[in-house]
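Engineer: Using the sequences and the hints given, assemble the complete structure.
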Amino acid sequence: MTWIIIIITCITSLLALNRRDVFRSMAFHPSAIRYSNQYYRFFSYALIHADLMHLGVNMFVLYSFGNAVEQYFNIFLGPKGSFFYVLLYLGGILFSTLPSYGQHKDNPAYSAVGASGAVSAVVFSSIVFNPLGGMGLLFLPFVMPAVVFGLLYLVLSAYMARKGQDNIGHDAHFWGAVYGLVFTIAVEPQLFTMFIERIKLLF
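Going by my numbering, the sequence shown opens with residue 123, and the numbers climb by one from there.
Because the hints were derived from the structure by calculation, they are not lab data. Take the hints with a grain of salt, since some may be wrong.
Here are the computed lysine to any residue pairs in the SDA-like style, where the Cα-Cα straight-line distance is at most 25 Å [to be verified]:
#	residue 1	residue 2
1	K322	G255
2	K322	V304
3	K202	Y185
4	K202	K322
5	K322	A283
6	K227	Y162
7	K202	F264
Structural biologist: Here it is, written out as structure tokens:
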């Protein structure tokens with residue numbers, strides 16, 4: 123499923139980058155959802171990206187974590203694993219936009235694109251499964267336990283969302299990450315106990 127998502131997203135993003143009418147019709151516009159009932163925008167925006175760098179980073183991160191998370195779901199949930207993995211991704215797309223919708227539903231100038239919220243959900247699902255695994259950023263020469271990285275990521279995303287001085291959807295990153303944590307534990311509650319027991323090993 124990870125490869126299917128990546129292929130569909132890449133094809134759609136490349137098409138939209140070359141067709142501005144397609145780009146505009148798929149972007150997340152809260153006012154268009156509210157006043158024109160274009161509810162499909164809650165999901166379509168994740169299939170398009172602002173530029174090739176935006177697309178490449180999101181798909182690279184999804185590739186890096188998605189296959190492992192999909193396998194974890196299959197191990198814990200059996201034949202239903204792939205279905206719940208898709209729900210994780212789609213739920214991340216939807217849930218990460220809800221705060222922005224509430225804040226900008228009357229702002230016709232606001233728009234957003236990209237799969238960052240859904241990708242954050244996948245990354246944080248992986249943290250539930252493997253909280254002590256190594257995780258870091260491409261431009262940093264070191265890694266840290268995944269749970270530590272996740273905590274720092276949430277704090278930074280919340281801070282940057284409140285600051286609001288760039289064009290990055292930090293609130294989508296934050297709420298997508300929260301959704302990934304909650305959803306993964308909800309579908310397999312025993313993971314929470316395993317998660318806590320593994321974190322205790324840090325101390």
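Engineer: Could you work out which of the previously given hints the structure breaks and list their numbers from low to high?
Structural biologist: Result: hints 4, 5 and 7 break, sorted rising.
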